[in-house]
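2 protein chains.
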Amino acid sequence: MALVNEHFLKLPDSYLFSDIAKKINTFKVTHPKDKVISLGIGDVTRPLPKAVIEAMHKAVDEMAVRDTFRGYGPEQGYSFLIDAVIKNDFVPKGIHFEPGEIFINDGAKSDTGNIGDILRHDNSIGVTDPIYPVYIDSNVMCGRAGTLENGKWSNVTYIPCRSENGFIPEIPENRIDILYLCYPNNPTGTALSKQELKKWVNYALSNDTLILFDAAYEAYIQDSDVPHSIYEIKGAKKCAIEFRSFSKTAGFTGVRCGYTVVPKEVSAATLTGERIPLNRLWNRRQCTKFNGTSYITQRAAEAVYSAEGQMQVKEIIQYYMTNARIMKTGLSETGLEVYGGENAPYLWVKAPDGLSSWKFFERMLYEANVVCTPGVGFGPSGEGYARLTAFGDRDDCMEAMFRLKKWLR
Amino acid sequence: MALVNEHFLKLPDSYLFSDIAKKINTFKVTHPKDKVISLGIGDVTRPLPKAVIEAMHKAVDEMAVRDTFRGYGPEQGYSFLIDAVIKNDFVPKGIHFEPGEIFINDGAKSDTGNIGDILRHDNSIGVTDPIYPVYIDSNVMCGRAGTLENGKWSNVTYIPCRSENGFIPEIPENRIDILYLCYPNNPTGTALSKQELKKWVNYALSNDTLILFDAAYEAYIQDSDVPHSIYEIKGAKKCAIEFRSFSKTAGFTGVRCGYTVVPKEVSAATLTGERIPLNRLWNRRQCTKFNGTSYITQRAAEAVYSAEGQMQVKEIIQYYMTNARIMKTGLSETGLEVYGGENAPYLWVKAPDGLSSWKFFERMLYEANVVCTPGVGFGPSGEGYARLTAFGDRDDCMEAMFRLKKWLR
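For the record, the sequence lines run as chains A and B. For the first sequence, UniProt numbering assigns the number 1 to the initial residue and increments by one for each residue that follows. For the second sequence, UniProt numbering assigns the number 1 to the initial residue and increments by one for each residue that follows.
To be clear, the hints were calculated from the coordinates, so they are not data collected in a lab. Since the model is a prediction, treat every value here as computed from it, not as a measurement. Note that CB positions come from ideal geometry on N, CA and C, so glycine has one too. Wrong hints could be hidden among the right ones.
Cβ-to-Cβ under 8 Å is the rule here; a few derived chain A residues that face chain B [as the list claims (entries may be wrong)]: (1) 3; (2) 44; (3) 64; (4) 254; (5) 276; (6) 289; (7) 407.
Chain B regions said to be covered by chain A (calculated; three or more residues, Cβ under 8 Å) [what the hints assert, rightly or not]: (8) 68 to 75; (9) 199 to 210; (10) 223 to 236; (11) 353 to 362.
Looking at chain A on its own, in the form it has when it is part of the complex:
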């Protein structure tokens, strides 16, 4: 008799975004004349850069001709892209990797979820809270998160990030085997300085903790003392795997490409204490359960690193970050406490008068016709907050700020 993986049954059905959609629909039905502005989505809206479009057309044409057609590529990705990644994302920062340490993928979500395959089912987990739900859900699915006890998983350490501590996670007393860090952070939009990140690398080195570092938003960093890669910190190659994505950097959310860095130095232990390089295991995992990313997509990603590509990508990011500035100023003027938005496309707003995330969401929708994402959807410490994103249109951002000011005046 085939048996299911019962860990899946522990997962509460995730209703956050469908609940939001339902509430918006209800509003639209009952208020057909009112135009709703959504600042809730975490998806980009600007079209792909010209250089990327040209590269894809060229690659498509190659696939039409016998001599330039490409079938199966390397599971780890084509060297033309891996070399571009190393040369552009790391060498300028004095960080050196061999090609074998970079794994091209179809987006960071796949690898942040799949990386658990190479790790033991009973490692303890640590996450900053609030956080991207995939980190926890993917661990629930393999039993690693333990059991749900009043809103928290028994084998997960939640490291609160709230206004009280300036959203800077404090080193926990207990040991953690696997720690997820996402900086610049989704959802709070806050960043960690080199000094702060160094504390975590040192914690990992002295506790033999594996850091899974999600740097999907590094392209939005403006401050010079905010590290773009965890490998800017000495010793990180021994304790960290880094996830990068072209989704928010170059508008690839619908194109699907990213990469994972698994340094040759990073290792984990067997029960007998033997050290095993994780690079070898991840390579074997990818060769067995993944068949590489589309050749056309990899050429698109390569074009992001061209001179034109870099210019065009920076323009798009500046567009979103200008939105973020407009929103931050506007929200401050309403008297709301607002965080983030300086090194990330997300703003994290504290609900006034101790309102819950959902109450704040509903008031904003019904009284200002603006959509946010209730912070509690990202974890217990998100209660009482809401996330606004800067990925929308300029005019919508400005109109939304106008409405919020009027609403809260």
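Dock chain B against chain A, hints included.
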């Protein structure tokens, strides 16, 4: 202390294709003048159909414009492709699915590997032998395959397919929880008639076995009594998940697209005997650890179903199947026992004089300058056989047959 998943350490390093590459290189170095023809690769060589190329150019252009740009798509795939799949691959055979039963992916390899996520770690496994190594390796990685004992995994039932039984797997005495079937078969190139496949569906229904049916080569079927989908067999929706791929159908090995069918009826049990629909679990798995396939790729796949696309795809398949016929005739004329090649692009050749797979490979390379794949690389029952593929150029196929005839005369 972070611990590794020690099941990975049980995996013997897979050397098959790198060993083959090394041996070919050695030959080329020592025989610089001799031109080697490779009939070993399992990858397509014809360029993409015109309809697919046009669809991709159009989709790329959409991504360049604000109003037609697409960001995140549904994790399950776009409805335009799901509808085309249902309408073209199933309705004509009288098989009906809801959109929610089809999951678009980035290729069959990912899902045949990842499907294990939703199944318990100690289900027993059954495979026909020889077989596509991913089925077994992905189960070794999560501990489901057990331990390796003289070339076989302790929790895996190997169902031998050899000339002695006409490559028709016999129903095993023991119960199997999860059974992998790949028909038309890689590597043997043989197919199962409706009658034969029905036996397995009935076995699954009476033993509560889950069948994982890999139909990646269905487009190569020529005989009318060979089912293209396991759902052509009554009752299969209750016990089978089917994997389809555009890789061999439309030359997508470098484009990456396929789909998985998880009927609403198919379920597995909890330890207490409760039935859980696998569709729900797989949907949750995909929403958590996958972010959909490239929009451009999905438009490419949609174009495969257009009138022009269908015509162009059939032409390519006929090209490969003509290669297969030429090879089958040629090999028979050499006096070798040859199987498959009638409903699949693979030919399975028995080594003469009881030669081992590797000896046969080396003789063919050194004495005829033709490359095959040693059958033993696909499992114990592959020993004494070699796989030849019909994916090469027409001229190479004919030249290779000429050489083999001369060699074995």
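Results for each hint:
1. 3: With a minimum Cβ separation of about 4 Å from chain B (threshold 8 Å), the hint on residue 3 of chain A holds.
2. 44: Cβ of residue 44 of chain A sits 5 Å from chain B, so the hint holds.
3. 64: Constraint on residue 64 of chain A satisfied, holds at 4 Å.
4. 254: Holds - the Cβ of residue 254 of chain A comes within 8 Å of chain B, reaching about 4 Å at its closest.
5. 276: Residue 276 of chain A check passes; min Cβ-Cβ to chain B is 5 Å, inside 8 Å.
6. 289: Residue 289 of chain A check passes; min Cβ-Cβ to chain B is 3 Å, inside 8 Å.
7. 407: Because about 28 Å separates residue 407 of chain A from the closest Cβ in chain B, which is outside the 8 Å limit, the hint is violated.
8. 68 to 75: holds (count 5)
9. 199 to 210: Since three or more residues must qualify, the claim that chain A covers the stretch 199 to 210 of chain B holds, with 4 doing so at under 8 Å.
10. 223 to 236: Violated: only 0 residues of the stretch 223 to 236 of chain B have a Cβ under 8 Å from chain A.
11. 353 to 362: violated (count 0)
Violated hints, in rising order: 7, 10 and 11; the structure is consistent with all others.
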